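Just so you know, the protein sequences line up as chains D and H, in that order. Under our numbering, the first residue of the first sequence is numbered 86, with each subsequent residue one higher. Under our numbering, the first residue of the second sequence is numbered 1331, with each subsequent residue one higher.
Hint data in this document are derived by calculation from the structure and do not stem from the laboratory. In this text the structure is predicted, and so the values were computed from the model without any measurement. No residue lacks a Cβ here, since even glycine has one placed at the ideal position from N, Cα and C. Misleading hints may appear alongside valid ones.
Unchecked claim - To give an idea of the interface, some chain D residues facing chain H are shown, with a C-beta separation under 8 Å as derived from the structure:
1. G100
2. A257
3. E260
4. G277
5. L278
Said to hold, decoys possible - Anything over 10 Å on all C-beta distances counts as not near chain D; from chain H, calculated:
6. N1355
7. C1362
8. G1378
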Amino acid sequence: MKPATRRSLFLVAGGVLFAALIWGFAGLPDFGDFNGAYGQFLNGASTPERATTDVITAVNFDYRGFDTLGEEFILFAAVIGVTSLLRTLRGEREGAPDDDAPGRRVPETSLAVRITGLLLVGPTVLVGIYIVAHGHQTPGGGFQGGVILATGLLLTYLSADYLTMRRVGPTALIELAEGLGTAGFVLIALGGLVFAGVFFENFLPIGTAGRLLTAGTIPLGNVAVGLAVTGGFAFMLSEFLQQTLTKRRREVR
Amino acid sequence: MSVLPYVVAAWLVFIGLYGIVTSRNLLHLVVCLAVMQSSSYLLLLSIGYIDGASAPMFSDVSPKTKAVDPVVQALTLTDVVVGTTVTALLLALAVQAHKRYGTLDPDELRPERPQG
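In isolation and in its complexed conformation, chain H is listed as follows (with noise of 0.2 Å):
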């Protein structure tokens, strides 16, 4: 039994959680969540792999061939879009943030104080 994918799996969740913790740069942080987020699809991936399997693609094998499972590469297809949206809204929040206080460092920024 090979546990090396999902020790990339948990070593993704890490280095990307390290990167989100330490950053000083709020562009950074967005990129190091997105390296978070890849080892969910690599779990996803992995826990549907079937040894010997072949991808779950018939046009050009019979429909009786062992292939790996099909729902949790649907699942990871789901993944990657909310990955890309939520990086997305996150870079859009950086921008704004950039123009409202000149910086991108999250340290500098400072809560709202109220207009009156």
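Extracted from the complex, chain D is given alone in its bound form (with noise of 0.2 Å):
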């Protein structure tokens, strides 16, 4: 299809979308007056019921949980899709790691960067763990934590090199953390299964708003979503790395 045929097709369909989205913005409440009654009501109940005063981790991991089962269950299958799409192909040999692309070397990372990157992963794995640890209180939680987390270990790619990060996060521990997270947060949901009678159910004491250890399963959940998540993004982050560094085309003899 030429570019112009397909710009004037794309005029003609978008300005129907176009129609349509006006139509439906129509109905949505005014900006600034939305009236919902849940949504209300969650943010009355969850400090008294659950000890939780960040009512979006709240609804992610108790009130909502089973849609939270859901969402990390999606994140499980990407990291399996990932994982089989980055796989060595036929036709494909994995080398010794190098930076380097088709008739170019890459510069040597410069100390300023290395020494940067050293000194940053101490404090970004502390703030990740912070994240996840007080997500029942203040914003943050598994998921924002996961992903600092991750964030750590790629830093250690950005001061080192590859097999350094490989031996920091070996791919055993990283698909361990992943398994353990997913497989704990269903637990958790079973826990409420086994010891309250509901799927989900929130079957540990649930003690006093402010203090760390309370809102009962919400801070397992978050821990075990965190773990998922670390392990998840590590993992996808080590596929994309060792596809471009480690994967060569194998020469046809």
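Combine the two chains into a complex, taking the hints into account.
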């Protein structure tokens, strides 16, 4: 299809979509005037009922935990998808890791980048753990903290090299975190079924709002999801790195 | 009443879609999809907004304080996760397309002929 034909086709289809969007937007509540009874009820209930001061985490890991279970399995499926897409194909071999591009050598990482990266690894991991652990009190939680933790692993690649990154985060450990996290979240949900009779029921003592070890199963869910997200993102990042650094086309004999 | 957030959300959908339709590079196409997806974050957050209300965090204020809707914010978190995973999968596909055809231009990709 010619670019011009495609553009005019897009204008027609886009016009129809625009009309549909305007029609849909007309039915939305006015900006700043939302009256969602469910949300307002949760805002009032989650601190007294669950000792959770971050209502979004209470929604994600307790009131609507079932949806988060689905979300976690989306991530799990994506990790499996990326892994199978980036496997070693026929006609490829794995070589020694090498930063290069066709026709040129990549200059060595500068000392400034290496030192800054190295200095950032510790604080990044600490912030990640903090965000996961305090998800039920302040903004954050397993998803956000998990991404920060995976960034910590990527920083080791930036400040050293690929092999060092693999030593700091061996594939077996990353896979273990991913599996344990995903399974752990399901087990917490099943715990509700066994101990309280309802799937995803918060079956642990609630405690007083504001303390670290409160809110029953919510912090546990955060840790499980944090592990799964750290594992999942670290796995995807190392798959992409492996793809660019070690996969070589096998020479035709 | 302000309609600006909804206008921006619609704008992001169209500018992203336009980028996808006219894209000459698969990486650019994936980024355009991410731009398009960001409109759904904005739309969700603007729907749940309430004038004069604070964030649904009650660590230092009374739980009776008026706060915006937490459910759409939780949905936005799901949305971000889905967006990231879709981006990762598409980038993996782009890597394989580049390996097989030596190009990232979607116009130059041809259907695979069955090998006999």
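Going through the hints against the structure:
Annotation: G100 of chain D was flagged as interfacial toward chain H, and the flag is violated, the nearest CB pair being 10 Å apart, outside 8 Å. Against a cut-off of 8 Å between C-beta atoms, the interface hint on A257 of chain D is violated, since the closest Cβ of chain H lies about 21 Å away. Residue-level restraint check for E260 of chain D is violated (minimum Cβ-Cβ distance to chain H is 17 Å; threshold 8 Å). Restraint check, G277 of chain D versus chain H: the minimum CB separation of about 19 Å is more than 8 Å; hint violated.
The beta carbon of L278 of chain D is not positioned within 8 Å of any beta carbon in chain H (closest approach about 22 Å), and the interface hint is therefore violated. No beta-carbon of chain D is positioned within 10 Å of the beta-carbon of N1355 of chain H; the least distance is around 14 Å. For C1362 of chain H, the shortest C-beta to C-beta distance to chain D comes to about 13 Å, beyond the 10 Å cut-off, and the non-interface label holds. With a closest Cβ-Cβ approach of about 6 Å to chain D, G1378 of chain H is found to fall inside the 10 Å limit, against its non-interface label.
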